[in-house]
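Listed in order, the protein sequences are those of chains F and R. Take 0 as the starting number for the first sequence in numbering that gives the first Met the number 0 and just add one per residue. Take 0 as the starting number for the second sequence in numbering that gives the first Met the number 0 and just add one per residue.
Just so you know, the hints here were simulated from the structure itself, not pulled from any lab data. Incorrect hints may appear among the rest.
To be verified - Quick list of in silico lysine-lysine cross-link-like pairs, BS3-like style, CA-CA up to 30 Å: (1) F:K92 with F:K268; (2) R:K173 with F:K92; (3) R:K104 with R:K72; (4) F:K192 with R:K102; (5) F:K192 with R:K104; (6) F:K192 with R:K72; (7) R:K173 with R:K212; (8) R:K102 with F:K92; (9) R:K212 with F:K92; (10) F:K127 with F:K192; (11) F:K92 with R:K104; (12) F:K192 with F:K268; (13) F:K268 with F:K127.
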Amino acid sequence: MTLFSTPAAPIRTEAPVVRWVLTLVGLAFLGLFILLPLIAVFGQAFSRGLAKYWEVLSDPDSVSAIGLTLVVALFSVALNLVFGVIAAWAITKFEFPGKSILTTLIDLPFSISPVVAGLVFVLLFGAKGLLGPWLAAHDLKIIFALPGIVLATIFVTFPFVARELIPLMQEQGTSEEEAARSLGASGWLTFWKVTLPNIRFGLLYGALLCNARAMGEFGAVSVVSGHIRGETNTMPLHIEILYNEYQFVAAFAVASLLAFLALLTLVAKAVLERRIARSRGSFT
Amino acid sequence: MTAIETRGLVKRFGSFTALDGIDLTVRDGEMIALLGPSGSGKTTLLRVLGGLDHPDEGTLIINGDEALQSSLKDRRVGFVFQHYALFRHMSVFENVAFGLRVKPKAERLPDADITLRVERLLALVHLSNHARRMPDQLSGGQRQRVALARALAIEPRVLLLDEPFGALDSKVRKELRRWLRSLQHELGVTTLLVTHDQEEALEVADRVVVMNKGRIEQVGTPEDLYQRPQSPFVADFIGGANLFPCEVTAVGNEIASVTLGPLSLRVPSVKFQTGPATLSIRSSAVRLGNDGLSNSVLSGRVTHTSYLGALREYVFDTPIGALTVTQPPDVVLRTGDRAQLEIVVGAGVIVF
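Chain R with its partners taken away, still in its complex shape (with noise of 0.2 Å):
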C-alpha cells in the first residue's frame, strides 16, 4: 500500500527553485531518509509533506487522501523539528498533551484518557520520571524524544523527522538513531528523516532519496547506491568517489572502454554512448605496489596522509589529477614516497 505519493511538487521561494519537479513514492510502514547537500531541497521536501510549505505546483497523496486541499488537522502528520521547537513555557507532559487538548470539543478524549496515553508515550520514549519537568531541565537528547513523543501523540499517519539527530553530540546520535529505528519497526508507522549526514541515512533507512538542487538524484536501498549509482554525484555523496572527466571509446552490454590519460579500462557503465564522460573511482578500489606496465596502471607520489584508525587515507599525485586512496593500516607511506596504483575494475569503478 501506498503511504505518500507526489507528482511534479514544484516550491520556489522568489527566483530560487528549492524543489524542482519531485515524483516520490513511500510504502505504507517503510523508513525513507531524505538525504542531500544543504540547499538541495530536503528540508522543503519534508516541510510541503508536513503541511508548513505550500508547494506552487504538484500533487500531494497521503494515505489515498489529496492532502494539498485539506487542512493540517486532518492531514495527521507528525512532524519533529531539528531545534525541537518544545513549547518553552509547558511542562514535557503537557508537549506531549497538546495535540490531544488541541482538539474539538466533539472529538477530545476525556482528561483522564488524555492523562493515559501521555504516560503511556512518555514511557515509550523512557521519560516517564520527567513529566513535570520544563523543557530547559531537559538534555539535548531528552529534548527530542519529548519532541517525538509530543509528535507521536496525534497517532500521525506519517511521521516526518527534520534532521532530528542534527544537534547532538555524536555518542548520542548514534545510541537515539539505532533506538529510533526499533522504535519505528515497532510501531510501524511511516517515516521520513531528512539528513545531511550519509552514514545516517545509510544506517537508519529502508530506502534512501538522495537529493541535489531541488531534484532526485537517486531513489534506493542503501546497498543499490553504494553498489550502483546513477550518477557521478550519487557515487561521490555515498560513500565517495574520485571523480575524473574521461573519454568513452566504445560501449557494450553494460561495459565501457574508457580511457583517461595512460589509463585504458573496460569498465561497468550506465552510459551507452560514446564520447565525453566522468570516470568515478572509490577509494578503495585501488592496489598497490604493481610494478608491470598495464593499461590500469599509474604511477603516483604521496601528497597528503591521515590515519582514519581502522584505515589510512592517502593522497597521490598521478598523471591524471589528486587521487584518493585507502589502504589497511599497516600500509605505511610518507609524504614524497612513490608508489604504482593499480586500478581494480570492479564495483568500485563505474563511469557516466
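The shape of chain F in the complex, shown without the other chains (with noise of 0.2 Å):
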C-alpha cells in the first residue's frame, strides 16, 4: 500500500486578515498604476469639454497622426500576418537546416530595444547608410518617410504573429495536411482548406496583438520618423510633441484615443481567448 501513497499535500489556509490585506494591496497596485492613469487620461481630455475635444481632434495634424498611424499599423499587421504564418509554417511542418536559429531569431524583436531597432533601418536606409547612396541615386526615400516607419514597425511587431502559431500549429501536427494531400488536394488547396481554418482564431489573436503595438509604437518609429508634423508623425509621437508643447488637452485628447483602442483590443482579446480555448480543448 505505501509503494502507491503520495505524501501528504502540505494544506496553507491563511488568516482571514492576511487575505483581505493582499487583496487589497493588489487592487490598490491596480488602482494607483492603471485605474488612475486611465482615468487622468479621459479626465484631461475632455476637461474642456466636447467641442473642444472635437477641435483638437479635427486639427489636421492630429488627422494626419491618426490616419498615418492607421496606415502603418494597416501596413504592418497585413506584411506581418503573412510572415508570421509562412515563419510558424516552415518552423513547425518541416525540417531544415537552421531551423533552431530561425525559431530563436523570431524572438529578437521582443529582446532588443526599440531605439535599437530603428537605428538598425537608419544605419541601412539613411543618408550615410548603406544602402542611402544607392537609395538616393533612385530617389527613393524610406527614412524620415512612411517605408521607414512601416519597416520599424514590422520589425518590432515581427513575433506577435509567429509566437502565436508555433505552438498551435505543433500542436496540431501535420496529420491532417498529410490526409489532404492523400486525397489528392495540391499544397496551395491543403493550405487554404485545412491549414488556415484550423489556426484561423490564434492568427486573428496574433494579429490584435501586432495591431495594439503597432499602433502604440513609439520608439523605433520616433528613431526614423524624422517628425514632420502632418507628414511622417505617428499619434504616439505626435501626443509627445503636443505635451512638450504644453497643449495638454490635445495631447490627451489624442492619447485618450490611444487608450480608448487599447479598451476595445483587450475586450477582443478576451473574446477571442474563449473561443481559442473552445476550439482547442473539445477536439482530443
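Assembling the complex is the task here: the two chains are given apart, and the hints tell you how they should meet.
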C-alpha cells in the first residue's frame, strides 16, 4: 500500500486578515498604476468640454497623425500576418538546417530595445547608411518617410503572429495536411482548406496583439520618422510633441483615442481567447 | 494480376535505416497485414506506398504504373491514419466529400453527384444519421469509419490503413475488424493494414507480412506462419515460442538431430548444416507427467502460474532454462511443484 500512497500535500490556509490585506494591496496597485492613469487621460481630454475635444482631434495635424497610424498599422499587420504564417509553417511542418536559429531569431525584436531597432534601419537606409547612396540615386525615400516607419513597426511587431501560431501548429501536427494531400489536394488547396481554418483564431489573436503594438509603438518609429508634423508623425509621436508644447488638452485628447483603442483590443482579446480555448479543448 | 510491386525499397532517417531493401508483391484484391514490433518499419513502408514518404532507393509499381514519379493525386491511394486525422473544422459530410471537392474543375463531379456519392459512402459505414456532426461529436469507432469513408471516396486502387484499430477498446476493435474484413471482400479493393497485434493480423489478412528491423522476415498465410515459421523471430512473434540455443548434430531430409542439455531430439528443420542453432518449442508442445526416462523428457519446477480462462500457463525452471508451458485449465499446479516435462516433437517444435 505504501508503494502507491503519496505524501500528504501541505494545506495552507491564511488567516482572513492576510487574505484581505493581500487583496487590498493588489487592488490598490491596480488602481494606482492602471485605473487612475486611465481616468486621468480621459479626464484631462474632456476637461474643456466635448467641443474642445472634437476641435483638437479634427486639427489637420492630428487627423494626419491618426491617418498615418492607421496606415502603418494596416501595412504592418497585413505583412506580419503573411511573414508570421510562413515562418510558423516552416518551423512547425518542416525539418531544415538552421531551424533552431530561426526560432531564436523570431524572438529578437522582443529582446532588443526599439530605439536600437530604429537605429538599425537608419544605418541601413539613412543618407549615410549602407544603401543610402543607392536609394538617393534612385530617388527612393525610406528613412523620414512612410516606408521607414512601416519597416520599423514590422520589425518590432514581427514576433506576435509567429509566436502565437508556432505552439498551435505544433500541437496540431501535420496529419491533417497529410490526409488532405493523400486525398489529392494540392499544397495550395491544403493550406487554404485545412491549415488556415485550423489556425484562424490564433491568427486573429496574433493580428490583434500585432495591431495594438503597431499603433502604440514609439521608440523605433521615433528614430526613423523625423517628426515632420502632418507628414511623418504617428499618434504616439504627435502626443509627445503636443505635450512638450504644453498643449495638455490636445495631448490627452489624442492619448485618449489610443487608450480607447487599447481597451477595444482588450475586449476583442478576451473574446478570442475564449474561442481559442474552446476550439483547442474540444478536439482531442 | 499484381496490384503492388516493390523492389529494393530503402528508406533512411538520418543514420537509422527504417526500410532495408523491401521486395513485396501484392495481388489484386488481397488483404495484407504488415505485422511487426514497433520500429520494424511497417508504418514507414505503408507511408512510402501511400506517397507520404519518399524512399531513398528502390522502385514501386502500383497497378502497372511506376508510382514514385507520379503525383499523389494520380496515385489514387486511400490512406487511413492511426489517429484518424479528420479535418476538425469540417462536418462528417464535408470530410468525406473533401477528396471529391479538391479535384480540378475538369474532373470534378457536379455538386449533386458529390452529395449522392457521399451519402452512399456514409450508408456503407453506417453513419448516415451523423452527416451533420462534427468530428469531436463522434466516438472513436465512428471517427475511424468516417476516415475510412473519406479514403474510399476517391475510389482508391489501393487502401492503406495504419493501425486502424489501435486507439479503440478491445470489444469495438473486434467488431470493427470483422466488419472491415467483410467490407473489403464486398468492395474487392486491395488493402494493406499495419498492426503490431498478431491476433488482428491473423484474423483479417489473406497473407501476413512479418517485418523486423526494416526487413521482411516472412510472407505467408496465417497457417503458413504459424506452422512453418522460417526464423526464430517469426516463431516467437506469431503464437509465441520458447527459444533455446542448441547444437545440430546431424541433418537429414527436413529433419535434424538436435542436442540441448539432457535433450536429444529429431525435429523438423529448415536448417541444412550441423553446428549451433536455435530450437523453438511452442508452449503447447509440452506434455506433463511422463515418468519414464527418455531423451525428450526434462524435469522442471513451477516458478510462475497464470490463469488464462481457456488455458493455464506455467513457467518451469528446467535444466535448459525457463520453459513456458500451456495446459488445459483442469491441470492445476502451484509454484514450487515439480513435474516431468516431455517435449512432443511435431508442428510445435522446430530448429532454425
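Against the structure, the hints come out as follows:
1. Using a Cα cut-off of 30 Å, the hinted pair F:K92 and F:K268 holds, with the two alpha carbons roughly 27 Å apart.
2. For a cut-off of 30 Å, the pair hint linking R:K173 to F:K92 is broken: about 35 Å separates their Cα positions.
3. Between R:K104 and R:K72 the CA atoms are separated by roughly 14 Å; this keeps the pair inside 30 Å, and the hint holds.
4. Between F:K192 and R:K102 the CA atoms are separated by roughly 13 Å; this keeps the pair inside 30 Å, and the hint holds.
5. For the given pair, F:K192 sits about 16 Å from R:K104 by alpha-carbon distance, which is consistent with the 30 Å threshold.
6. Pair hint F:K192 plus R:K72 holds up; C-alpha atoms about 16 Å apart against a cutoff of 30 Å.
7. Taking the CA atoms of R:K173 and R:K212, the gap is near 28 Å; set against the 30 Å cutoff, the hint holds.
8. Proposed proximity of R:K102 and F:K92 is supported: the alpha carbons are some 24 Å apart, at most 30 Å.
9. Pair hint R:K212 plus F:K92 holds up; C-alpha atoms about 27 Å apart against a cutoff of 30 Å.
10. Of the pairs offered as hints, the one joining F:K127 and F:K192 is violated, with about 48 Å between alpha carbons and a cut-off of 30 Å exceeded.
11. Proximity of F:K92 to R:K104 is assessed by CA-CA distance (about 28 Å); at most 30 Å being required, the pair is judged to hold.
12. For the given pair, F:K192 sits about 25 Å from F:K268 by alpha-carbon distance, which is consistent with the 30 Å threshold.
13. Straight-line distance between C-alpha atoms of F:K268 and F:K127 comes to about 42 Å, which puts the hinted pair past the 30 Å bound.
In summary, the numbered hints that this structure violates are 2, 10, 13.
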